[in-house]
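S.K.: Order-wise, the sequence lines are chains A and B. Position 356, counted from 1, in the first sequence is what the numbering used here calls 441; the numbers after and before it change by one each time, with no gaps. Position 84, counted from 1, in the second sequence is what the numbering used here calls 222; the numbers after and before it change by one each time, with no gaps.
No lab work stands behind these hints: they were computed from the structure. One thing to keep in mind: the hints can contain errors.
To be verified - Straight-line alpha carbon distances no greater than 30 Å define the calculated DSS-like cross-link-like pairs of lysine-lysine that follow:
(1) B:LYS343 to A:LYS416
(2) A:LYS416 to B:LYS219
(3) A:LYS331 to A:LYS416
(4) B:LYS219 to B:LYS302
(5) A:LYS416 to B:LYS264
(6) A:LYS416 to B:LYS222
(7) B:LYS346 to B:LYS382
(8) A:LYS416 to A:LYS367
(9) B:LYS264 to B:LYS222
Read off the chains here:
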Amino acid sequence: MTMARPVQILISFWTAVLSAFSAAVYAVVPRLVLAADRLRPLFGFTWPSISGATPPADVLCHFTRYEAVAFAMRLRSRHLQTRAFGVNPDGLDAYVQKHVIADTDRMHQWMGAGTGVIYACPHYGPFLLGALLVATQGSNASPSHVFYDPAESVPDNHRFDEFFQQFGDRLSVLHNEPRDLVRALRALKNKQCLSIMFDVVQRPTDSMFVPFFDRLYPAMGGAAYLSLQSGAPIIPAYVVPDCGRKARVAFGQPIEPGNFTNADRNTNIHDMTRMLFADFQKQLSRAPWHWIYWGNVGAASRFDRSVMYGHAALVAEISRRCLATPILLEKSPLLRRLVEARPESGPGASHDGPSTDTP
Amino acid sequence: MSALSDFRLRRRIASLVRDWRRGSPLPLIILPSTPASLQFASQLSRDMPVAVIGSPRLLADWAPSFCVQARSPLDVWRDVKMHKQLPYAVISYPDQLIGVDPSFYRVAIGDSNCAFSIVEMMLLMKFRAPAYLGKVRFCGRGEKAASTLTLHGFAGEVPAGLPKGEFDEWMLRLMEPVIECSRNPHDGWLARDVFALKVDGNFEKMLKIRLLEIEALLRMGDDLPEPVPLYRELQVELQSLRRKPQLLTG
């Protein structure tokens with residue numbers, strides 16, 4: 086007993102020292118990186134790219150010192166994410182209260198509206214802390230839910246499955262498969278909240294394409310479908326690293342299903358998903374460093390933005406794609422009619438702009 | 139074994155850089171996607187001007203610290219076509235490139251057809267640049283899989299205006315390192331799963347993606363001030379076409 090007391094004091098002391106050291110590193114390293122970046126022209130070194138690709142050149146050109154800022158930001162995100170994996174069920178509320186800054190009043194307001202809430206969280210910054218924030222909104226009687234791809238399609242998700250399962254009845258894990266989609270819908274109808282990762286598609290052939298950074302980007306309509314079926318709004322939520330080893334959750338513009346009243350459900354799903362990605366694009370235009378899937382944007386097919394403003398440009402863009410895959414014209418008479426009747430003049434008709442990724 | 143620790147590769151890089159400084163034409167290098175070949179490309183790009191043709195998404199996944207931005211065949215072709223000689227060495231990873239448009243040429247390999255980009259052939263026909271093929275030898279399995287890379291000069295000059303039979307032959311010769319990897323896919327070959335999309339049956343997937351893209355464009359047409367009824371009809375037709383299990387044969 087007499088020996089145990091000094092050992093405890095020693096352990097507490099070193100824990101406090103390590104914690105202070107870690108806080109200092111968290112605060113100082115990004116500043117050091119940015120300061121060192123000023124010396125880059127002299128020494129010609131490059132920053133390592135951690136966790137994800139850089140944006141394509143046409144996006145990258147809008148951001149000065151992208152690599153250094155991304156490196157600094159991602160070091161912070163990685164640190165926060167690693168620490169978040171150490172949270173246990175007993176310490177969840179205290180941890181979130183201490184390390185996550187969010188407008189909880191608005192969250193309570195959405196939850197109190199009587200429809201359930203869908204938080205659309207991309208793989209952006211230390212997104213795990215966003216999931217923990219959602220977990221604190223749940224209880225044993227009315228759990229929160231996280232919805233993402235199963236470990237069979239993304240092996241790394243096994244780690245998240247194991248982590249989330251420890252929160253038991255308070256947070257349930259739902260996977261992107263029909264049975265869990267029904268469960269998610271039931272949960273929303275019971276006025277519970279759901280966090281959904283919407284920015285990555287495993288099977289592009291089962292997806293839809295939405296405009297995103299002048300490209301046609303594959304997107305899943307799951308969030309929009311659930312919203313339309315349940316009446317729950319979609320709230321875009323972006324988690325960014327903040328000062329003092331904290332993460333800040335920034336909410337985007339809520340997307341209310343009641344505003345989409347087209348008779349065709351698929352059109353509503355597409356329009357809602359498009360709006361969700363437009364909100365995400367706004368956030369990325371402000372702070373692109375936190376997203377890890379920029380490589381998918383680089384790989385997506387570009388299109389001429391003027392298709393949004395004129396028929397001629399739209400038909401020219403479609404024609405270009407059909408000329409690259411002539412078999413589609415054979416299979417679709419209406420497509421052939423559209424392409425063959427296209428106006429020879431007008432905006433975009435003779436456009437030689439962005440093309441597919443091959444000569 | 140890493141490219142950097144491989145003495146022969148370091149010598150090869152030194153010799154390529156020496157040739158470039160002497161003013162010799164810059165080469166085209168065709169490599170299969172392996173950790174060793176990525177390290178080789180990364181090292182070479184530090185020592186001389188290089189363009190890498192491959193998939194940016196895949197390279198970001200396989201080699202996050204890869205220091206060159208991968209470019210599409212079209213991008214490189216547009217950039218070089220006005221020059222008399224290649225303005226930079228071109229390193230191509232044909233096993234990463236997937237497409238269904240006419241710039242992809244289908245070559246019979248065994249019982250099936252495989253689609254390869256014709257950009258390498260076009261570069262050779264236009265510039266008659268020296269070409270090197272990277273051959274890999276694998277050892278170990280699973281996490282311990284490793285590979286060694288050797289560069290072999292490509293003999294012969296590709297003449298312009300080839301008849302189909304001869305074109306196939308040249309294509310097969312150029313793609314030999316990649317085809318060799320596909321014959322006995324090893325854990326260390328990074329493009330193992332991606333290559334499957336280049337094979338005939340998977341063409342369907344690419345066509346369906348193209349249909350989805352056209353549908354998305356037509357939906358943008360709904361926002362235009364004067365709606366065109368044909369767009370809506372066409373969307374319905376494309377949706378039913380996309381739902382067919384076999385688009386090419388159905």
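S.K.: Quick check: which numbered hints come out false for this structure?
M.R.: 2, 3, 5, 6, 8
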